[in-house]
Amino acid sequence: MATPQAPASATGVPSDAEIEGFRAYLLRYALLQLRDLDIAEDAVQETLLAALQGRSQFARKSSTKTWLTGILKHKIIDHLRRRAREQPLPGAGDDAPEAEAIDAMFLEDGHWRSFPANWGDPARSFEDRRFWEVFELCASMMSANVARVFVMREVMELSTEEICKEMNITPTNCWVMLHRARMRLRECLEVKWFAKER
Amino acid sequence: MVRERTLVVSCKQVSELLSQARERRLTLAERVTLRIHLVLCEGCRNFRVQLGVLHEAVRRFVDRGRGVD
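Protein sequences appear in the order of chains A and B.
Per the numbering used here, residue 1 is the first one in the first sequence, and the count goes up by one each step.
Per the numbering used here, residue 1001 is the first one in the second sequence, and the count goes up by one each step.
Same shape as in the complex, but just chain A (with noise of 0.2 angstroms):
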């Protein structure tokens, strides 16, 4: 617990320029939760002014990375919470062109038309700048919906009650969206990337 007269010591306080480094990591964090530049760009700009203003509170016992995420974190969460009331996620059931692209990947029995394959060693994918680019393609074909309740989950880390909560939809639902986008994503980077890698 920071006791209120521990003083921020004049290096303990992030300049102008550490904060403003962080704004290409935050815009990709923003956007891929998003889905609209001008959306992110805007989350992002609040994002660093909160930083500049609320600075000295920092304590450093976090990364700057760690604390600028957080404050991204709750304006994506704020900015997703109106969205959810302006305009309320279609129910996973409403969702046919999706259920039928999940369905399509099973025979009538059930059985994987495709047997998933075994992807090696992930980590030598992780160092290869073109496997981000093959996984930025497959992330972007993932519906807009779908994304957002799996950033949440994947990214940060919200339980499945508190994506619940704010996206106004049933747990069962919930976990339909996030399996659906699981498996569009796993099948996209098998067909485009770990296929061709061996």
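In short, the hints are calculated from the structure, not lab data.
Zero decoy hints are in this set.
Lysine to any residue pairs mimicking SDA-like chemistry, simulated, CA-CA at most 25 angstroms apart:
| id | chain 1 | residue 1 | chain 2 | residue 2 |
| --- | --- | --- | --- | --- |
| 1 | B | 1012 | A | 117 |
| 2 | A | 165 | A | 85 |
| 3 | A | 61 | B | 1059 |
| 4 | A | 196 | B | 1041 |
| 5 | A | 192 | B | 1016 |
| 6 | B | 1012 | A | 143 |
| 7 | A | 165 | B | 1022 |
| 8 | A | 73 | B | 1053 |
| 9 | A | 73 | B | 1022 |
| 10 | A | 73 | A | 27 |
| 11 | A | 75 | B | 1056 |
| 12 | A | 165 | B | 1021 |
| 13 | A | 65 | B | 1060 |
| 14 | B | 1012 | A | 160 |
| 15 | A | 165 | B | 1017 |
| 16 | A | 196 | B | 1045 |
| 17 | A | 192 | B | 1042 |
| 18 | B | 1012 | A | 138 |
| 19 | A | 165 | B | 1016 |
| 20 | A | 73 | B | 1059 |
| 21 | A | 192 | A | 144 |
| 22 | A | 192 | B | 1056 |
| 23 | A | 192 | B | 1045 |
| 24 | B | 1012 | A | 101 |
| 25 | B | 1012 | A | 114 |
| 26 | A | 65 | B | 1055 |
| 27 | A | 192 | B | 1060 |
| 28 | B | 1012 | A | 141 |
| 29 | A | 75 | B | 1059 |
| 30 | A | 192 | B | 1059 |
| 31 | B | 1012 | A | 109 |
| 32 | A | 73 | B | 1056 |
| 33 | B | 1012 | A | 144 |
| 34 | B | 1012 | A | 145 |
| 35 | B | 1012 | A | 113 |
| 36 | A | 165 | B | 1059 |
| 37 | A | 165 | B | 1025 |
Please arrange chain B on chain A, whose structure you already have, making use of the hints.
Leaving out everything else, chain B in the frame of chain A:
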């Protein structure tokens, strides 16, 4: 028999259970069902590993933003 019916599930159902296992604690029956299926099915075993890779990848994807460009 009910027991037999619940123990035999398709890859499609298994993929759903594996995904849900990341969200909630599966019931004992579900865990037993999964275990039996996974012993026999290499595709679903690979799928389970892939779910972990996806989680790691999406986190790294966001982290990469810094320093790039």
